[in-house]
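Each chain, letter by letter, is given below.
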Amino acid sequence: MINALVNRLLLSVPVLIGVVIFGFLLIKMAPGDPAQIMAGPTATPEVVAQIRQQMGLDQPLLVQLGRYAERLVQGDLGRSLISNRPVVSELAAAVGPTVELMIASLIWAVPLGIGMGTIAAVRRGSWVDRTIMAISVAGVSLPIFFIALVLMQFLGVTLQILPFMGRGGPLWTVDGLRHIAIPALSLGLIFVGPVARMTRSSVLEVLRLDHVRTARAKGLTERRVILRHALRNALIPVVTLIGLQAGYLLGGAVVTETIFSYPGIGRLAVGAILSSDFPLAQGTILVLALGFILINMIVDMLYAILDPRAQKS
Amino acid sequence: MTQPLLSIENLVVEFGTPRHRFPAVNGIDLTLEKGRTLGLVGESGCGKSVTSLAVMRLVPQPPGHYAGGRIMFEGRDLLSLPEAEMRKLRGGRIGMVFQEPMTSLNPVYTLGVQLREMLQAHSDLSDRAARDRAIELLDMVGLPSPAKRIDDYPHQLSGGQRQRVMIAMALANDPVLLIADEPTTALDVTVQAQILELLQSLQERTGTAILLITHDLGVVAETCDEVAVMYGGKVVERAPTGALFADPQHPYTIGLMAAVPRLDAPADRLATIPGSVPPPWANRKGCRFASRCPLAIDVCRAEQPPLAAIGTDHSVACWRAPIEEIAA
Ligand SMILES: Nc1ncnc2c1ncn2[C@@H]1O[C@H](COP(=O)(O)OP(=O)(O)OP(=O)(O)O)[C@@H](O)[C@H]1O
Ligand SMILES: [Mg+2]
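Residue numbers (my numbering), protein chains in the order written: chain A, 480 to 792; chain B, 233 to 560.
For the record, the hints were derived by calculation from the structure and aren't laboratory data. Just so we're clear, the structure is a prediction, and the values are computed from it rather than from any experiment. One thing to keep in mind: the hints can contain errors.
What the hints assert, rightly or not - Just some of the chain A residues that point at chain B, by a computed CB distance under 10 Å:
hint: 1; residue: L656
hint: 2; residue: K697
hint: 3; residue: I715
hint: 4; residue: I777
hint: 5; residue: D786
As the list claims (entries may be wrong) - Which residues of chain A face chain B? A partial, calculated answer using Cβ under 10 Å:
hint: 6; residue: K507
hint: 7; residue: Q515
hint: 8; residue: M517
hint: 9; residue: A518
hint: 10; residue: T521
hint: 11; residue: R546
hint: 12; residue: D689
hint: 13; residue: R692
hint: 14; residue: L699
hint: 15; residue: H708
Unchecked claim - Simulated restraints, written as ranges between beta carbons of each label pair:
hint: 16; chain 1: A; residue 1: E701; chain 2: B; residue 2: Q235; range: 47 to 55 Å
hint: 17; chain 1: B; residue 1: D384; chain 2: A; residue 2: L488; range: 24 to 32 Å
hint: 18; chain 1: B; residue 1: A425; chain 2: A; residue 2: E701; range: 54 to 62 Å
hint: 19; chain 1: B; residue 1: F254; chain 2: A; residue 2: R687; range: 45 to 53 Å
hint: 20; chain 1: B; residue 1: G248; chain 2: A; residue 2: L769; range: 26 to 34 Å
hint: 21; chain 1: A; residue 1: I640; chain 2: B; residue 2: F254; range: 19 to 27 Å
hint: 22; chain 1: B; residue 1: G248; chain 2: A; residue 2: V485; range: 22 to 30 Å
hint: 23; chain 1: A; residue 1: F625; chain 2: B; residue 2: S508; range: 36 to 44 Å
hint: 24; chain 1: B; residue 1: R253; chain 2: A; residue 2: R687; range: 55 to 63 Å
For each residue, glycine too, the CB sits at the ideal point set by N, CA and C.
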């Protein structure tokens, strides 16, 4: 288990290096001149040239990349061109809210999806099954921004029971919870469908296996057979699915945060890109990539916990 | 004689949708006395597993369906027992070992957890006591260093070891009836012999009756008191093991015996009976074996022969019985 984790960490090093280079090049290819932006629209060409030199932007690309990497390992990501605050502190302030949003979304959506999928599988072919699957398909086919806007309109504007702009504070405060409710509902909803469908087919598959018949032959209650022997084993592919959807989750977070002006990494990234704030954009890309790697690592660990056959050292 | 432990009376189990049903088990009668071993023999697809699952009332429904008959166990009809009562019997008074040792244990739990679950489903043993008992059981079925292996996962065991664990589990609550559905088919030959020996020695110690399902008459000869030969969902011949081997009466039984592999002539086992089992949904007029039978005459193709006694304890369902000379 520890070994697997270390392996996994080592494997992510080249991925990270790739992300750094790719993020760097992406920003280089983007339109706009950082020196010009720093100097402001009224600056003279001399001033702009001076800034360019200061920033090292007149050097060859490889040298620039080297310098960037060098500062990176020292934890220096430069300063935001817009706010002039260190990128690292901008990122640090935004990571927490995004993590909160993801937790608040997944914590109800994944159990709900698993529950719905299990019930659908057990009642296969009944109207319960058909209803659950219809809801899931609808959930899968609706784009997240649409769900977000409908929830915002309904819960926020029409009923006025929940705020729908910004963040109210940490998750454990009442105001924090109230503010995160609609964004978390939107982001979570896009997950319920896929998880439910995957759980259903996975449980159906496991229910046909020999060891489930053994469980019945032991005289266990049907409830125990389903929960301990069918669902427990069916979770293994479901967890894998959730891992594969990590990108979907991060992408969804970007959209959700932007729609609800929620101060997380997603909104920071969109803002930085739209305002050509290159250092900040680079930083957010790096954080999103790290998030992706981290989610997959958590999934791998869960997988190893769920499936003892995967633990062969 | 008192009532038998298990008596299956005219059992019919069908598969399919309500419109297109076919019987996989088509009116069979079997009896098994306390502490005895009854062998159920027949080729693949003749309904052996369905019969054994029916005794546990575990035929998957749908597509399965109990269409008729009774399964009397200790004076009660299992087919009409409330589910909660039936659950107490499963793994309690009736234990079962399956055909597929590699896949019959849950891969995500240790042996200890799975054994404990079996014990605790039928008693209020503490975790501690259940674990001790589980180690005892593993020791009883001959798993080496059981106190250590108990925390292993199934994938860490060989097929034979897994089958031993299955047997330990089936016997955990001292059942009076053990159903063993081809317990050795999936194992290699030397392991087969060990498992059969194990079953026999455990039977001597515990007095459990065994319903032993197999397609191997060699296994029957070594382990069973009585034999029922099944063909196409029906019992075609029934006799004490000695009588059956001394004087087989049904052409199918005779064919099976000729097909028992001998060390000097390791031929293809079933090649001696030409043709194959007709599917359960095929035309059901006449004797099901008629199309493959070297002795078939017109009446065989027109009418089903009843299972009729031809000696003490020996019955056969064949229009040509008693057969004087062996035609194999
Ligand atoms: N779940 C099921 N659905 C549909 N048909 C089934 C099902 N289970 C069994 N059958 C049918 O019942 C018949 C008897 O099957 P059964 O499993 O009892 O055979 P068997 O004698 O145990 O054979 P084997 O030696 O291969 O184990 C087969 O023809 C099969 O098609
Ligand atoms: Mg079978």
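Structure-based check of all given hints:
1. L656: The hint is violated - L656 of chain A has no Cβ within 10 Å of chain B, the shortest such distance being about 35 Å.
2. K697: 4 Å, holds
3. I715: 8 Å, holds
4. I777: Status violated, d = 19 Å.
5. D786: This interface hint holds because 6 Å falls under the 10 Å limit.
6. K507: 49 Å, violated
7. Q515: Nearest chain B Cβ about 60 Å off; hint violated.
8. M517: 58 Å, violated
9. A518: Violated, because the Cβ-Cβ distance from A518 of chain A to chain B comes to roughly 62 Å (cut-off 10 Å).
10. T521: 68 Å, violated
11. R546: Cβ of R546 of chain A sits 51 Å from chain B, so the hint is violated.
12. D689: 4 Å, holds
13. R692: 6 Å, holds
14. L699: Because about 6 Å separates L699 of chain A from the closest Cβ in chain B, which is inside the 10 Å limit, the hint holds.
15. H708: Holds: closest Cβ of chain B sits about 6 Å from H708 of chain A, inside 10 Å.
16. A:E701 with B:Q235: 47 to 55 Å: Distance hint for E701 of chain A, Q235 of chain B is violated at roughly 31 Å.
17. B:D384 with A:L488: 24 to 32 Å: 29 Å, holds
18. B:A425 with A:E701: 54 to 62 Å: 38 Å, violated
19. B:F254 with A:R687: 45 to 53 Å: Once the Cβ atoms are compared, 21 Å apart, the range 45 to 53 Å for R687 of chain A and F254 of chain B is violated.
20. B:G248 with A:L769: 26 to 34 Å: 56 Å, violated
21. A:I640 with B:F254: 19 to 27 Å: 59 Å, violated
22. B:G248 with A:V485: 22 to 30 Å: Given a distance of about 55 Å, which is not inside 22 to 30 Å, the answer is violated.
23. A:F625 with B:S508: 36 to 44 Å: Taking Cβ atoms as reference, F625 of chain A and S508 of chain B lie about 59 Å apart, which means the hint is violated.
24. B:R253 with A:R687: 55 to 63 Å: 21 Å, violated
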